[in-house]
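Engineer: Next come the chains, spelled out residue by residue.
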Amino acid sequence: MVSLRAVSKTYAGGTVALDNITADIAPGEFIALLGPSGCGKSTLLRLLAGLETPSAGEISWENNQRPAPGEIGFVFQDATLMPWLTAAENVYLPLRLRGVHKAEAQPRIQSMLAQMGLADFAGARPKALSGGMKMRVSIARALISEPLLLLMDEPFAALDEFTRHRLQDDLHTLWRRTGKTIIFVTHSIYEAAYLASRILVMSPRPGRIAADISAKIPEDEDRRTSRAYTQLVADITHTLHKIMPHE
Amino acid sequence: MNKWLERLAPIAFGVIALSAWQAAVIIMKVPFYVLPGPIEIAQAYRDGYAVLNPALLSTLTVTFAALLLATTVGVALAVAMAASQLFRAAVQPWAVMLQVTPIVAIAPLILLWVPQPFIALVVCASIIAFFPILSNTAAGLAATPQDLQDLFRLNGATRWQVLRLLSLPSALPNFLTGLRISGTLALVGAVVAEFVAGSGGFASGLAYRIIEASYRLEIPRMFAALFLLGVSGIVIYAALGLLERLLLRKRDA
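From first to last, the protein sequence lines stand for chains A and B.
If you read the first sequence in my numbering, its first letter stands for residue 32, the second for the next number, and so on.
If you read the second sequence in my numbering, its first letter stands for residue 124, the second for the next number, and so on.
Keep in mind that a hint or two might mislead.
[To be verified] Below 27 Å or equal to it, Euclidean Cα-Cα: the simulated DSS-like pairs (lysine-lysine) are:
{"hint": "1", "chain 1": "A", "residue 1": "K133", "chain 2": "A", "residue 2": "K211"}
{"hint": "2", "chain 1": "A", "residue 1": "K133", "chain 2": "B", "residue 2": "K373"}
{"hint": "3", "chain 1": "A", "residue 1": "K247", "chain 2": "A", "residue 2": "K211"}
{"hint": "4", "chain 1": "B", "residue 1": "K126", "chain 2": "B", "residue 2": "K373"}
{"hint": "5", "chain 1": "A", "residue 1": "K273", "chain 2": "A", "residue 2": "K247"}
{"hint": "6", "chain 1": "B", "residue 1": "K373", "chain 2": "A", "residue 2": "K158"}
Keep in mind the hints are simulated off the structure, nothing from the lab.
Every value quoted in this text rests on a predicted model; they were computed, and no experiment measured them.
If we strip away everything but chain A, and leave its shape as in the complex, we get (with noise of 0.2 Å):
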């Protein structure tokens, strides 16, 4: 789906965020970016997304076809939403950018907050509604103009650890049911080993990609308490502490 070639970024300022970065991103992978704080992940995602663009190297589309504009989806690690609009409205958003009628768009928005879990809370504004709740109105948000790729930087990071479970949990079943490609930046490995099909750990100053792990935790077991999920952690933690300066 997208080639990424030796891609680097430095700052004015000289920091050097990433460094000759290269990788293959199937379409229907989800793909955790997982490494410690200031190694360049979220960058890695910003230059996915078009939001800024690389110092060297290139990003190459599948048929060299950038994504226009809501083919990607965007998850911020807050919510991101706007205070004094709805639920609904909120993720209608994406639509009415791109010209969508608001009659037109009301019964995907509905089904879409349904999926969520949030059909009885389409008419509360973001002061109502809890912090995983909102989280999930913002994933709403991002997939309403049904991207093709849908970016989430550490979007679970800020919620308690029982709602985090549930969204993972939902977020897994959902990339399962449709099939998305999902590029998913944490800094936590048991994040990123229950919810990723390949994990890409990154090593800090410069950002690399130190490590390209393939999971494969069988989908009809109880993925939290499975011994692959257990097995996948423990390699996880290996290869991060032979990669990983000791300070």
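We have chain A; now place chain B onto it with these hints.
Structural biologist: Positioned in the frame of chain A, the structure of chain B alone reads:
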């Protein structure tokens, strides 16, 4: 703290202060042309309301026209500054300079240049009033959350869409704060401009009545006019505060 007590406190304080004032004036036998007591002031208002009320209306008309002009100019400049870094750099220092130059010093020039006195008064008052709206709205626009701007960009939003759907709504609380400050400043500006115009012979507004009363040593009437101005200021401030609360509560609740 008891809420009723808190509501009552300013009124009680006013009554006590006025009583003390009245008592002091009576006991120390202060002549009315130096310092009249509150009762004399009330009498002066009763005798002079036929003159004072139309003057107040005239001052308030200038105030609201000025607030309207200041809001239009202030918001337009703030939007232009948010849209163009170059424009901001070019205009900001001049706006500050206009703000720090005392309006009494500029007013004679404006009265000279603008032949229609009402418009001249409005221009003077809006020069004082526009700055808080400009600076608050500009600060609000500049503080538009970056993540939301990115989201708009990813969805191919035009600059107009970003402004209308994101920047302006997110700057609304700042704008309303600016508007509240500007409301009372517009009143101050109107009075200052009327003073300058009044000493040039243009008879209108409460400021002119104050000058007139001082020439005639009608000190109680001066105080009555001052009292009207003070009450107008409080009412404007409170009304804009109420508007702010209503708009934001309806929107964000």
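Engineer: Now look at each hint and say whether the structure bears it out.
Structural biologist: Hints versus structure:
As the CA atoms of K133/A and K211/A are separated by approximately 26 Å, the hinted pair is consistent with the 27 Å bound. A threshold of 27 Å between alpha carbons decides the hint, and for K133/A with K373/B the separation of about 21 Å falls inside it, so the pair holds. This hinted pair checks out: K247/A and K211/A have alpha carbons roughly 17 Å apart, not beyond 27 Å. Simply put, K126/B and K373/B have alpha-carbon atoms about 24 Å apart, close enough for the 27 Å limit, and the pair holds.
Using a Cα cut-off of 27 Å, the hinted pair K273/A and K247/A holds, with the two alpha carbons roughly 22 Å apart. For the hint linking K373/B to K158/A, the alpha-carbon distance of about 13 Å falls within 27 Å, and the restraint holds.
Violation of the numbered hints given earlier is absent; every hint is satisfied by the structure.
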